[in-house]
Amino acid sequence: MEKRLLSGNEAIARGAFEAGVTVGTGYPGTPSTEILENLTTYEGVYTEWSVNEKVALEVGIGAALAGARTLVTMKHVGLNVAADPLFTSSYIGVKGGLVIANADDPNMHSSQNEQDNRHYAYAAKVPMLEPADSEEARQFTKLAFEMSEAYDTPVILRSTTRISHAKGVVLLENPDRSRKASGFERNIKKYVMIPGHARLRHIEVEKRMERLGKDVNASPVNVIEMNDPAVGIITSGICYTYVKEALPEASVLKLGIVNPLPEELIRRFFSSCKKVCIVEELDPYLELRVKAMGFKVEGKSLFSSVGELDPDAIRKAFGVKTTPALPSSVQLPPRPPSLCPGCPHRTVFKILNQMGLIVTGDIGCYTLGVMPPFSAMDTCVEMGGSIGLLQGIEVAMDGSGSKSAAGVKMTAVGVIGDSTFAHSGISGLINAAYNGRKSLFIVLDNGTTAMTGMQPNPFSGERINGQEAFSLDYEKLGEACGIKNGNVRIVDAYKPKDVEESIRALLDSGSLALLVIKGPCVIYKRKKMKNKDKKPV
Amino acid sequence: MNEKNYNILIVGVGGQGIILASDILTAAALFSGLDAKKSEIHGMSQRGGSVFSHIRFGKKIHSPVISRGEADILLSLEQMETLRWINYAGEKTLVVCTTTRIKPPNVEEYPGDIDGELKKCRPFIIDTDKTAEAIGNKKFVNVALLGFVSARIGFNDDSWKKAIQENVPSGSFDDNWNAFLYGKKSFKEVHQ
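Sequence lines, in order, name chains A and B. Numbering follows my numbering, with no gaps: position 342 of the first sequence is 333. Numbering follows my numbering, with no gaps: position 45 of the second sequence is 49.
In isolation and in its complexed conformation, chain A is listed as follows (with noise of 0.2 Å):
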């Protein structure tokens, strides 16, 4: 078997190949983006961005009912967005294999919250795997695919920055493309969620996870490393890996599968071992379920909620000596992210900084407008946000609110991304112009989903694979979602004057408006030069 080196989002994709996945879909976001772009370089694949998380998650029960095996890839705030279908996804199962690839962001690297999406296993009772390498991360997706046919169910693997962004050694097997989709075949009772087939399906996903929870005690991932008998530890993921390396000496529980969990290994490995801990990054998930099976043991209480943990957090909690770090007494500058040079982004976030107006702002490379010197960004909460959250404000203020230094009738403004926009902002918009808002939203358009590394998406004419594409047409969209009088307008980014005089004229328009600000994203085309000759692994 031929040896690489991959990162655990390689990894995964590699795995998904060998599975013989013929259908993968996601949305971009960090750390789970390259998961889909590895995917897409192999052959016989095929591959889409959604326009969001939920629809990708759409698709893909769409195509495994059809019995595509089919990887859906999302970061873990996207599965938010995709909760609502695979609550029911849980009910309805599967014909092909369908596995979620869900990466968390423990400490935040470039994420607005640490949720711990264990939960949504546990919530939407579908198994969860979680490798703790590359390797694993190609092994665990290949299972997943054999356990969700096996179950009748889709399986979340998740996944964790430390996995999906750091690279290790993975071994090639030979994959399995003879896989062809069976076609969808009707059984209106097991797809159709009326109240009368769910009621049903509800007692066969208790069956099921019933099942689940006395197979996985004998899975080859949940794993007694039995040692030094003195103090056993339950983990999984990457945080297996920190404490091989804290603690040698201890007898570790290597969770595989984080639900269900196997209660009688646990039951086991407690008899065996004097002391049970369980070392996890984030929410206490593990440590609460296995203290309402009855046993005592510590985990919280010695490592903190916030944040990752790593080799040398768990030596402390053990009291495991430390090697000494040289001193540094001087205080460094940070460096903290800021818009590139030359960014199209740069003139509007001066111009509303000038005006002093309250801007809502969205997930993006422009999320950055809320640094100095432009500091011209009051609210991030989620994609699509800010078309949501500026209503709020309008019709808590009453529709005017008190005039803004720039001396324009409406004080405040909401910003947002073209992939953002296109994501969930549009539904926002037809709410505005429904509800009889006045509010200016600014669409700001650099060709591409920045942030994430430049995907396309609806408004950049392209798909995954670089093949042409529709583009959503603004002035189009804007008049069918009921915005009037022409307060649709489309300016060049690096023309100031044009993009201030627009942002005037339509506050004081008194009507809802759309104002999109063109301007090509500066590191895109290098970026696309790079990347032609991306060959599969």
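These are computed hints drawn from the structure, not numbers from a lab. Treat the hints with caution; some may be incorrect.
In silico DSS-like cross-links for lysine-lysine, where the CA-CA straight-line distance does not exceed 30 Å [to be verified]:
#1 K307(A) - K8(B)
#2 K8(B) - K64(B)
#3 K526(A) - K143(B)
#4 K312(A) - K123(B)
#5 K8(B) - K143(B)
#6 K509(A) - K488(A)
#7 K8(B) - K312(A)
#8 K96(B) - K123(B)
#9 K123(B) - K526(A)
#10 K64(B) - K266(A)
#11 K166(B) - K188(B)
#12 K282(A) - K(-6)(A)
#13 K467(A) - K400(A)
#14 K107(B) - K63(B)
#15 K307(A) - K124(B)
#16 K287(A) - K307(A)
#17 K282(A) - K265(A)
#18 K526(A) - K166(B)
#19 K64(B) - K265(A)
#20 K526(A) - K142(B)
#21 K198(A) - K180(A)
#22 K341(A) - K107(B)
#23 K(-6)(A) - K63(B)
#24 K341(A) - K526(A)
#25 K96(B) - K188(B)
#26 K96(B) - K312(A)
#27 K8(B) - K(-6)(A)
#28 K63(B) - K312(A)
#29 K124(B) - K312(A)
#30 K188(B) - K312(A)
#31 K64(B) - K307(A)
#32 K198(A) - K181(A)
#33 K188(B) - K307(A)
#34 K188(B) - K(-6)(A)
#35 K143(B) - K64(B)
#36 K205(A) - K116(A)
The structure displayed is predicted, hence computed values, not measured ones.
Starting from the known structure of chain A, fit chain B onto it as the hints suggest.
Then chain B, alone, in the frame of chain A:
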């Protein structure tokens, strides 16, 4: 190489070729028959921020991140960044840093007290301009630095060659390989 795992931390600022250098180094370890892992953070940090890459290799590597004080080599492409990550270095760490200084945004001047503080960790200072002149292009300084530390790490030339071949565009292999050899030679000169 003995049984102990080897830890290298490469640090600098976005755009200096840190990720490429760490890809080459990790691949060279793999081609030398070792287990290897590396870890870095993509995303926000690419927008002009600090960049770091942990590389670990040996018989069996568990954690992809280095513990504080345990870097065998701290290789820094920017002076101030050396100090930002100095807590990964201990008494036995080889600290190598270039003369490059990149002013962070939003500060008037590069901090003045860097020199004195740097001296405390007894680094090998590599003159960036001199190196760039010798190898013909500033772009390959990162690979020259790999050549410099390669003398300490000790993989054979074939492993390095293959690792560089796999990670750089085919047209620039010769330039990169020359940069590597130059770095390797400089290490020997320093240690004579």
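Against the structure shown, which of the earlier numbered hints fail to hold, in ascending order? 5, 9, 12, 14, 24, 30, 33 and 35
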